[in-house]
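Student: What follows is the residue order along each chain.
Number of protein chains: 2
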Amino acid sequence: MRRVYITGIGQTPVREHWDRSARDLAASSILQALEQAGIDKADAIYVGNALSGELTGQEQLAALIADFAGLTGTEAIRVEAAGASGGAAVRLGYLAVASGVHDTVLVTGVEKMSDLSGPAVEEALATSTDEEYEAIHGLSIAASHALLMRRYMYDYDLERRDFAHFSVNSHRNAVNNEYAMFRRPITVEAFEKARLVADPISLLDSAPVADGAATIVLCSDKAAGKRANSSVEITGSALATDAVALHDRPNPLFLRAVQESAHKAYAQAGVTPKQIDIFEPHDAFAILAALSLEASGLAPEGEGVRLAMEGEIALEGRIPICTMGGQKARGYPVGAAGVYQIVELAQQLRGDAGANQVDARVGMTQSIGGTGATAVTHILRSP
Amino acid sequence: MRRVYITGIGQTPVREHWDRSARDLAASSILQALEQAGIDKADAIYVGNALSGELTGQEQLAALIADFAGLTGTEAIRVEAAGASGGAAVRLGYLAVASGVHDTVLVTGVEKMSDLSGPAVEEALATSTDEEYEAIHGLSIAASHALLMRRYMYDYDLERRDFAHFSVNSHRNAVNNEYAMFRRPITVEAFEKARLVADPISLLDSAPVADGAATIVLCSDKAAGKRANSSVEITGSALATDAVALHDRPNPLFLRAVQESAHKAYAQAGVTPKQIDIFEPHDAFAILAALSLEASGLAPEGEGVRLAMEGEIALEGRIPICTMGGQKARGYPVGAAGVYQIVELAQQLRGDAGANQVDARVGMTQSIGGTGATAVTHILRSP
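Heads up: the protein sequence lines correspond to chains A and B, in order. Residues 1 to 383 in the numbering used here are what the first sequence spells out, letter by letter. Residues 1 to 383 in the numbering used here are what the second sequence spells out, letter by letter.
With the rest of the complex left out, here is chain A:
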């Protein structure tokens, strides 16, 4: 396997972009990334997108985006794994370069969600659950996580307010990220008083649906040339799955796919959890961030929330997470989220994270589909 470098990144602000389409957002991030990488084409484009068919009536999105970005003809494939779509696209891009199939690959994550009403979006998001056993009975994606959170609170004797620290951290970090959607801090008190979405999950505990696109350029050693010395390297990549329905898992509070993908990635990168300096988890809901910390071996089982309560996830803590705002405050354009995570981690590892800069050499991202049925872990190393 060859070494794989991130030689360019691009992103659009995460917003309700009422005046922009998916292809427009995607192309904008692609052009930025190409320019930064100093190239004008790529061997292939992998597009992570979760809900373009449901939300905008557009499939075959990869060909559409390639054409609109001026790359007509390029091998272009869309990858879907619900909330893990972006991470899955990064994984395929990584494999294509690492294996020697391609020298230069673009990975774009994009989602356009603002055109539909709230209930329509909620219904689309529920497609990441098991439709025949969960969604059909009305179990929304927020409700799925509410079940997990309620059980966690019961098992570990916690209250709803104890989860606030994840959102407080994400919002604090988003203040300095110009691409973030919600650039204002929130308090534990505001979290406590927030309107409930699906008890015990509240508005301030739910990542907001939004529009956005992010792109990375992946290059082999050869294609990167001298840029390799100044580029972030992907040193670990793994994807694992689990049963989609919560009732099909032996212990719903333990994310097996996260554990497996994280451990494979650690092994490949030759690091232990202790060596992870910074972590971008899939914090669509606080409970998912907590469970991810645990299954990844960054916190003991039942201690994920405590890690947040003790301030260890803050920029100055032991394991900073959601350093640019995470899904919660940067915003959550579903299929794009996994690529935003890589972009943000690359910013950190290159020393381009501005006021939120963390001292980090090794970082990890994790992209999750549904309540944990797909998990993609990537480990990156600073230049």
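Because the hints were derived from the structure by calculation, they are not lab data. Misleading hints may appear alongside valid ones.
Identical chains blur together in the list; that is why a pair holds if it fits in one copy or across any two.
[Claimed, not checked] Here are the simulated DSSO-like pairs of lysine-lysine, each with C-alpha atoms no more than 27 Å apart in a straight line:
no., residue 1, residue 2
1, Lys41, Lys264
2, Lys274, Lys264
3, Lys222, Lys264
4, Lys226, Lys41
5, Lys222, Lys41
Given chain A, put chain B in place with the hints provided.
Tutor: Showing chain B alone in chain A's frame:
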């Protein structure tokens, strides 16, 4: 790049399976393929599926299928490229094995279409056009091809009945394929009298939507072991794209993505069009089969239909196509179609095609999205 063998195939009959879900169909084809390959697990599963979100409200289908097939935890990713979804999944599976990333990969194509009404399916199928410039104005997928066919008839002075020979050939070949949906011959006269769907495209010129799943097992030389000697090999694989909207192409009657993917595949396999003994094109509509023959270099421009009129596409012809019924008569479960093509070509190249057996050493499949925005070509060689 390592050599890649197809060591197992599986398929369900293509039908309206009112009593079976996508996961059920997929698992059934997976278990057949695994048994034939003599293995009980794989390193990864790539799932080709076009419309599961729109038609059944189920995304994250790859994890769902892996779990239901008893392969919980396995790396599983869904790939979408409209009608080319199956072919795109085969391409990623091929790359994963050829590159040395994985030793054994399952590629499954599946589509479950019977649960919705005709108009709902038609709307879902239109997502493969350019939504903002084509579908939104009411251009269905049949109507898109009607435009192409009308123009072709005008340019080359042909009548509607001249296109009949594609459907006649496909229906004739489906008679002997127990997995095919329409196992009855049709005549040129019946084609002429058939009810119009979108003038000049008629019911007997349109591939029927249907349910079905097909799976192949791809193995490296090492993993195939002694089976390599009796297994079909994939010797060429390429995917290319084009503008999605017809009006964005310089010549809508020339399928650039088909040409590019075919020529890359020829080059990789080290063959010329003349050496292709058998071809499984994307014959969702006769016009698409004709244009594919031309862009692939198997017929001069404007001669694709004549090739059919002269009987050269029949089992005993110069270049037999749709030998097991094609999309037209085997049936067209959209995202599964590209994998069915590989399964059927493998049957031919192994000598397992029964009454439809053709004398062939080198064969080609082509999976197309929309009116040609994505094209995936594979070249296979007999053991």
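Student: Run every hint past the structure and note whether it holds.
Tutor: Okay, the hints, checked on the actual structure:
{"no.": "1", "hint": "Lys41 to Lys264", "result": "between (32 Å within a copy, 18 Å between copies)"}
{"no.": "2", "hint": "Lys274 to Lys264", "result": "within (15 Å within a copy, 46 Å between copies)"}
{"no.": "3", "hint": "Lys222 to Lys264", "result": "both (26 Å within a copy, 23 Å between copies)"}
{"no.": "4", "hint": "Lys226 to Lys41", "result": "within (18 Å within a copy, 42 Å between copies)"}
{"no.": "5", "hint": "Lys222 to Lys41", "result": "within (16 Å within a copy, 35 Å between copies)"}
When held up to the earlier numbered hints, the structure conflicts with none and fits them all.
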